[in-house]
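Chemist: Chains as they are written, first to last, in the UniProt record's numbering: chain A, 1 to 390; chain B, 1 to 390; chain C, 1 to 390; chain D, 1 to 390.
I should point out that these hints are in silico values taken from the structure, not numbers from a laboratory.
Any given hint could turn out to be false.
Copies of the same chain look alike in the list, so a pair counts if it fits in one copy or across any two.
[What the hints assert, rightly or not] Distance condition first, Cα-Cα at most 20 Å in a straight line; then the derived DMTMM-like pairs of lysine to aspartate or glutamate:
1. K143 with D306
2. K144 with D306
3. K348 with E375
4. K143 with E380
5. K114 with E218
6. K144 with E218
7. K144 with E88
8. K379 with D73
9. K144 with D303
10. K179 with D51
11. K144 with D345
12. K143 with E95
13. K144 with D73
14. K179 with D345
15. K143 with D118
16. K143 with D51
17. K114 with E95
18. K114 with E375
19. K114 with D168
Model, not experiment: these values are computed from the prediction.
Number of protein chains: 4
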Amino acid sequence: MQNLNVGLIGGGFMGKAHSLAYAAMPMFFWPAPALPVRKVIAEANPDLAADAARRFGFENSTADWRSIIDDPDIHVVDIATPNHLHAEIAIAAAEAGKHIICEKPLARTGEESKAMYDAVKDKNIVHMVAFNYRRTPAVALAKKYIEEGAIGQILSFRGTYLQDWSADPNSPLSWRFQKSIAGSGALGDIATHVIDMARYLVGEFSAVNAVLSTWIPERPLQAGGADALGTVRGGEGPRGQVDVDDEVMTMIRFANGAVGSVEATRNAHGRNNYITFEIHGTEGSIVFNYERRDELQVCFASDQADRRGFRTVYTGPAHPYGEGLWPIPALGIGYGETKIIEAYDFFKAIAEGGSVSPNFADGYQVALIDDAIVESAAKESWVEVPQISA
Amino acid sequence: MQNLNVGLIGGGFMGKAHSLAYAAMPMFFWPAPALPVRKVIAEANPDLAADAARRFGFENSTADWRSIIDDPDIHVVDIATPNHLHAEIAIAAAEAGKHIICEKPLARTGEESKAMYDAVKDKNIVHMVAFNYRRTPAVALAKKYIEEGAIGQILSFRGTYLQDWSADPNSPLSWRFQKSIAGSGALGDIATHVIDMARYLVGEFSAVNAVLSTWIPERPLQAGGADALGTVRGGEGPRGQVDVDDEVMTMIRFANGAVGSVEATRNAHGRNNYITFEIHGTEGSIVFNYERRDELQVCFASDQADRRGFRTVYTGPAHPYGEGLWPIPALGIGYGETKIIEAYDFFKAIAEGGSVSPNFADGYQVALIDDAIVESAAKESWVEVPQISA
Amino acid sequence: MQNLNVGLIGGGFMGKAHSLAYAAMPMFFWPAPALPVRKVIAEANPDLAADAARRFGFENSTADWRSIIDDPDIHVVDIATPNHLHAEIAIAAAEAGKHIICEKPLARTGEESKAMYDAVKDKNIVHMVAFNYRRTPAVALAKKYIEEGAIGQILSFRGTYLQDWSADPNSPLSWRFQKSIAGSGALGDIATHVIDMARYLVGEFSAVNAVLSTWIPERPLQAGGADALGTVRGGEGPRGQVDVDDEVMTMIRFANGAVGSVEATRNAHGRNNYITFEIHGTEGSIVFNYERRDELQVCFASDQADRRGFRTVYTGPAHPYGEGLWPIPALGIGYGETKIIEAYDFFKAIAEGGSVSPNFADGYQVALIDDAIVESAAKESWVEVPQISA
Amino acid sequence: MQNLNVGLIGGGFMGKAHSLAYAAMPMFFWPAPALPVRKVIAEANPDLAADAARRFGFENSTADWRSIIDDPDIHVVDIATPNHLHAEIAIAAAEAGKHIICEKPLARTGEESKAMYDAVKDKNIVHMVAFNYRRTPAVALAKKYIEEGAIGQILSFRGTYLQDWSADPNSPLSWRFQKSIAGSGALGDIATHVIDMARYLVGEFSAVNAVLSTWIPERPLQAGGADALGTVRGGEGPRGQVDVDDEVMTMIRFANGAVGSVEATRNAHGRNNYITFEIHGTEGSIVFNYERRDELQVCFASDQADRRGFRTVYTGPAHPYGEGLWPIPALGIGYGETKIIEAYDFFKAIAEGGSVSPNFADGYQVALIDDAIVESAAKESWVEVPQISA
């Protein structure tokens with residue numbers, strides 16, 4: 001079991017989640033594929049960086065992320081910054097031959113994503129984009145059912161990602177509302193998770209037809225805004241323009257003939273992290289709601305007529321990743337577990353010299369879908385989605 | 001309290017539901033606006049007609065629906081036939097000065113619907129189209145909340161109507177799969193209910209952008225098919241072509257700026273009568289699921305932060321129509337109650353010399369939306385919805 | 001198909017529910033076992049009686065319930081009065097050879113119930129006590145599963161009946177709070193329904209161990225109180241003593257070795273008609289909640305480990321009584337349907353010369369359980385339940 | 001921020017959960033009250049101990065738990081062994097002046113628990129018993145509502161803890177089925193969690209009245225059985241006697257006049273970690289289900305009548321411990337978070353020189369309740385619960 005040294009760039013919420021994953025992964029999956037060593041953490045401000053190191057259990061800290069890239073002892077670069085920094089860091093890390101895990105979305109646009117993908121695709125490194133929600137055990141179970149043919153051929157997919165944290169018009173103009181940093185709004189921030197799951201569970205998108213809405217066109221400026229590594233600071237003062245979407249609604253044509261839709265908004269009062277999908281197949285249906293993420297609902301058409309209905313399956317040892325997680329279903333899958341599993345699969349790929357999904361190719365393909373959605377909304381028409389595999 | 005004589009045309013499932021409503025309405029709403037008298041029922045086969053009269057408590061029966069139109073003692077004509085007969089009967093009834101309640105959809109097309117609307121619009125009669133689900137007390141409560149401003153300005157609407165009764169490719173080619181009788185498939189049969197609720201709760205549609213799918217292109221022919229009044233007979237034999245949609249998915253632009261979507265399918269294993277909507281407003285959200293129709297979920301943004309969340313309100317005496325229904329919430333609203341309330345409002349309009357909604361204008365407007373959906377799916381583009389009020 | 005003339009005594013909420021059942025039963029179950037004719041309705045006040053006749057569709061009315069007993073044209077006596085009148089009316093009806101359906105609980109005490117049971121037991125009449133909730137299709141489906149052995153040997157039963165309509169200390173001292181009229185409080189009013197279901201699904205009670213609580217010891221007196229037929233009139237003024245229980249909690253030993261508990265209260269804010277049970281067997285579990293009565297949840301231990309979980313079965317045509325009810329599950333079972341099914345089974349027993357369950361023997365056995373519960377609460381100890389079959 | 005060195009005894013599932021908590025606590029709660037240092041872990045087998053140290057991130061390992069007690073550098077002793085070792089270890093640790101966190105139940109009996117309590121009560125150490133479920137944020141929120149008077153005076157409490165992992169008669173006779181190691185069955189293993197929550201939320205128990213059932217009287221012997229530190233090894237062979245309860249059902253009288261019940265079983269097919277409670281107060285109700293632990297349901301009687309119903313509150317930043325947990329509700333509380341919060345409160349007490357609840361007094365009081373339950377079941381009568389505070 002080798003030690004693999006990690007350099008983490010970004011000490012915000014995502015830094016926390018990734019640090020937890022590195023500490024906990026071997027506790028859950030043992031023998032571990034490798035032991036992550038929390039070597040160094042970067043934050044723009046050196047005091048904050050030192051503080052983050054202590055908090056998140058890193059040996060060292062730095063205010064200069066490039067020093068991580070330059071450090072020959074670092075095996076893994078973890079990019080947990082705002083979106084606009086992903087490309088520069090990832091390309092540098094790839095050139096330095098580091099394995100890379102990058103927060104989602106891969107970048108602000110398809111073009112940026114392509115540059116990142118080009119940087120890694122011919123190198124002998126493992127690259128991953130952190131669409132963690134597909135690693136919820138219940139989602140992995142849905143994948144297993146589908147691959148086993150348990151619901152037959154898929155006819156339709158309906159996904160949502162509904163939140164309410166930006167429904168308040170007085171919540172600040174954080175970087176997530178600024179196109180220059182975030183690339184897009186609800187689309188890149190949250191819809192991409194559902195798009196990733198749709199690709200994972202159903203298959204490639206051939207075309208999209210979308211509507212983007214900006215419900216709150218301006219928000220209070222933050223005193224400081226986001227710093228270079230994207231930590232959001234509270235702020236007050238005059239209002240600035242929101243130039244990203246608050247809500248995205250799209251119809252989907254899948255390459256395999258299925259149809260679908262995705263709706264994502266951060267303005268849905270009462271919804272918190274409402275990631276859902278409903279999939280209808282010729283032999284059954286699957287329903288998932290992340291807010292009740294220990295559960296997957298599945299209906300098998302082949303069940304005897306007087307006993308047919310959605311089964312509420314609580315994931316546990318009998319289900320994907322169950323060998324590593326908690327000994328009893330419903331003991332409790334939290335957000336942390338999705339990141340712990342993500343780390344497990346990432347380090348396993350490194351240890352075994354393989355690859356992992358979703359990787360930068362997947363991240364780039366999602367970016368192409370995002371670009372098509374933006375174009376579709378502007379043109380008010382269907383737009384074909386280019387395929388990178390082609 | 002006057003007696004009003006009803007002639008009911010059609011003795012199938014809808015005949016049963018309407019008969020129940022006529023018998024039960026005064027039991028629930030008392031003093032009743034008027035007393036419906038079940039005078040005569042029509043079915044194409046005279047023996048079946050006589051049988052239906054006994055079963056549904058009608059004084060007389062006939063095999064000739066025109067005799068009902070011609071009978072001066074009949075005040076109300078109730079059209080519970082398959083869709084292709086609606087127009088002819090309704091126009092005849094209108095010309096004879098009868099009050100009319102017609103099952104949904106109003107007709108097969110906008111053109112047919114227009115003829116019906118033209119026939120009633122300048123006459124002194126009450127006309128209604130039986131979109132009964134908006135009369136579920138929980139839906140009426142949603143309307144009340146919206147009118148009171150409790151959820152602010154509406155931003156988005158998402159509706160579904162999912163069933164699974166036609167998911168089996170061996171289920172017969174009943175009239176509901178034949179365009180010449182039904183007009184359309186899931187669109188007219190079930191999506192129209194959600195479209196009606198969307199108009200009722202949010203407002204007029206300005207444009208639609210739709211996909212129609214036919215998942216099972218042919219089905220076993222029935223031995224006899226539907227008779228003239230549409231009662232479906234079981235059958236076997238070779239297969240015939242399905243020329244209507246199994247599934248409809250549409251995006252919506254509302255005139256007031258809100259956006260929305262509707263999905264309806266009869267091929268969703270495990271869904272039975274899954275009529276749902278979720279509405280997000282600037283001040284709150286409302287969620288409804290007919291499969292749990294005693295309940296309405298509502299979230300008020302103004303609730304104190306540590307006590308905020310969807311409230312599950314069980315409708316009862318404190319809610320719309322509660323004065324007539326059961327004395328305690330959750331005693332149980334069934335399908336029958338939606339039709340009893342419908343009858344109540346219809347007869348009240350007659351007794352008071354007023355009008356009721358949804359009427360033929362509403363039915364015609366929904367038909368225009370349906371036509372736009374069909375056109376949009378064919379053109380693969382947004383289509384503007386004409387407004388009859390214009 | 002014979003006509004059977006019904007005399008209904010009591011024109012309150014229960015009169016409404018029974019009238020609905022008589023009108024609708026043949027609409028649902030056709031050919032009907034018999035056609036109930038709403039012949040005469042009794043209320044103490046002649047004007048109210050006449051009004052009720054019109055409202056509920058009865059041919060005649062009377063202020064003297066004895067005239068119904070004396071009328072040789074009446075085949076069925078329906079007792080929908082407050083509890084204290086059940087025994088006198090039922091015994092008179094039995095002596096007159098009428099078939100009898102009596103609202104629950106059968107009477108105020110075991111002693112009264114015994115007199116009623118003795119009056120009917122050797123006569124050639126059909127007698128029934130109206131524990132309607134066991135006729136919810138989902139409950140009948142639970143019974144079917146159990147009889148098929150699908151959940152194995154039953155180990156435990158947990159039932160509740162929670163309401164909140166008397167949680168307000170200012171709600172009036174209706175007859176339901178007066179021992180002389182009601183016999184007991186939550187125990188006889190609502191717990192008996194769950195006790196009936198426990199006997200139906202699990203088997204006979206051998207012993208009980210109970211706690212009775214009266215949370216609100218006095219309530220406002222009503223101006224008039226209940227009239228002879230028990231219709232509750234609104235009232236104000238000084239407060240009177242509540243001498244019945246607000247809440248009952250009991251443990252149960254069943255004769256077959258299973259254990260159980262029942263809790264019933266009318267002081268549970270937020271609960272409306274929360275009749276629930278959960279049954280654990282050696283091979284599976286069943287869960288029911290009347291507030292979502294279209295559904296039954298069942299878990300089969302024999303399901304494959306990675307697909308095991310509670311199935312949510314929506315009752316419909318494939319389930320008990322489905323041939324008569326609505327054509328699609330979740331179209332909607334309401335309170336009315338439970339009474340329609342009750343009427344169906346009652347009239348079928350008359351038409352076929354058989355008997356029906358729950359009958360007066362069942363009602364008497366439940367009364368013996370109730371008496372044991374009262375005794376147990378007073379003695380603060382286990383009390384054996386006498387068995388009338390012994 | 002001081003470092004505090006932890007010696008953990010026991011490397012099974014609980015060892016994992018506690019190790020996670022020590023690693024993650026400062027990541028969540030920052031500045032942390034203190035930094036737990038994972039110093040040494042004990043397991044009976046030295047190879048397993050070394051393996052556990054690597055897996056769980058401890059600096060050292062030992063096969064002799066006494067060496068931890070004797071080590072002056074250890075500040076905190078964490079007891080995560082089977083129940084029969086709790087007392088000996090805890091008493092030794094107390095005598096050595098260590099702070100102690102001990103898994104639940106505190107010990108096998110009240111007598112053992114008393115010895116432990118006596119050992120700590122006059123020492124200047126922080127002691128805690130790990131009833132972690134009360135630290136689920138939703139449970140802490142229930143406590144807050146109750147303390148604020150939001151549901152008034154509590155009338156009744158109903159709690160359950162239902163699992164199904166021992167429903168299979170072929171699951172092995174692990175230490176949890178052996179009285180000499182576990183003390184009791186479902187009672188000590190799981191019911192104690194609910195009893196702890198009942199005391200926490202409602203108040204002291206004055207008397208209990210219980211039934212204990214053993215559904216599966218013998219089970220396959222394990223090849224090796226549990227080792228000294230209780231790690232369960234798979235096994236086969238002949239069957240041995242189960243001498244503990246599979247199911248416990250008890251009624252409760254609380255000192256403040258409320259009534260209650262608790263049911264716990266490990267033989268409930270389809271239930272996984274179904275810890276629930278429902279509390280009725282004079283002004284509202286609270287309902288919790290750990291299987292959906294992000295949510296708390298609360299009904300306020302004071303809500304306007306047409307908007308009253310259970311609110312489903314997803315805990316997050318606006319709720320207890322929200323400052324440290326995830327930035328958005330429903331991002332996901334898992335089992336780990338309950339232990340992270342537990343560690344936070346424990347170390348805060350050490351850092352601040354205070355105490356924490358539940359401590360050994362609470363653990364002892366729960367043991368007295370357990371003993372009373374056992375006695376009640378044997379005597380088949382109510383048994384008063386002694387109060388240690390008296």
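Chemist: Against each hint, give a clear statement of whether it holds in the structure.
Modeler: Here is how each hint holds up against the structure:
In the homo-oligomer, the alpha carbons of K143 and D306 lie at most 20 Å apart only across protomers (13 Å), although the nearest pairing inside one protomer, at 27 Å, exceeds that limit. For the identical chains of this complex, K144 and D306 are inter-copy neighbours only, at 10 Å across copies versus 26 Å inside a copy, given an alpha-carbon limit of 20 Å. For the homomeric pair K348 and E375, neither the shortest alpha-carbon distance inside one copy (38 Å) nor that between copies (52 Å) is at most 20 Å. Within a single copy, K143 and E380 get their C-alpha atoms no closer than 33 Å, and across copies no closer than 31 Å, so neither meets the 20 Å cut-off.
In this homomeric assembly, K114 and E218 never come within 20 Å of each other (Cα to Cα): the closest approach is 31 Å inside a single copy and 45 Å across copies. Taking the closest pair of Cα atoms, K144 and E218 never come within 20 Å of each other, the shortest separation being 44 Å inside a single copy and 31 Å across copies. Within a single copy, K144 and E88 get their C-alpha atoms no closer than 36 Å, and across copies no closer than 47 Å, so neither meets the 20 Å cut-off. Taking identical chains as interchangeable, the C-alpha atoms of K379 and D73 are never at most 20 Å apart, the minima being 49 Å within one chain and 59 Å between chains.
In the homo-oligomer, the alpha carbons of K144 and D303 lie at most 20 Å apart both inside one protomer (19 Å) and across protomers (17 Å), since each shortest distance falls under that limit. In the homo-oligomer, the alpha carbons of K179 and D51 never lie at most 20 Å apart, since the shortest distance is 30 Å inside one protomer and 49 Å across protomers. In this assembly of identical chains, the alpha carbons of K144 and D345 lie at most 20 Å apart only when taken from the same copy (16 Å versus 40 Å across copies). Taking the closest pair of Cα atoms, K143 and E95 never come within 20 Å of each other, the shortest separation being 34 Å inside a single copy and 54 Å across copies.
For a Cα distance limit of 20 Å, the shortest separation of K144 from D73 qualifies neither inside one copy, at 38 Å, nor across copies, at 49 Å. For the identical chains of this complex, K179 and D345 are neighbours neither inside a copy (32 Å) nor across copies (41 Å), given an alpha-carbon limit of 20 Å. In this homomeric assembly, K143 and D118 never come within 20 Å of each other (Cα to Cα): the closest approach is 29 Å inside a single copy and 54 Å across copies. With identical chains, the CA atoms of K143 and D51 are never at most 20 Å apart, being 40 Å at best within one copy and 34 Å at best between copies.
Within a single copy, K114 and E95 get their C-alpha atoms as close as 15 Å, which meets the 20 Å cut-off; across copies the closest is 65 Å, which misses it. For the homomeric pair K114 and E375, the shortest alpha-carbon distance inside one copy (18 Å) is at most 20 Å, but the shortest distance between copies (38 Å) is not. Taking identical chains as interchangeable, the C-alpha atoms of K114 and D168 are never at most 20 Å apart, the minima being 35 Å within one chain and 44 Å between chains.
Checked against the numbered hints given earlier, this structure breaks hints 3, 4, 5, 6, 7, 8, 10, 12, 13, 14, 15, 16, 19; the rest are met.
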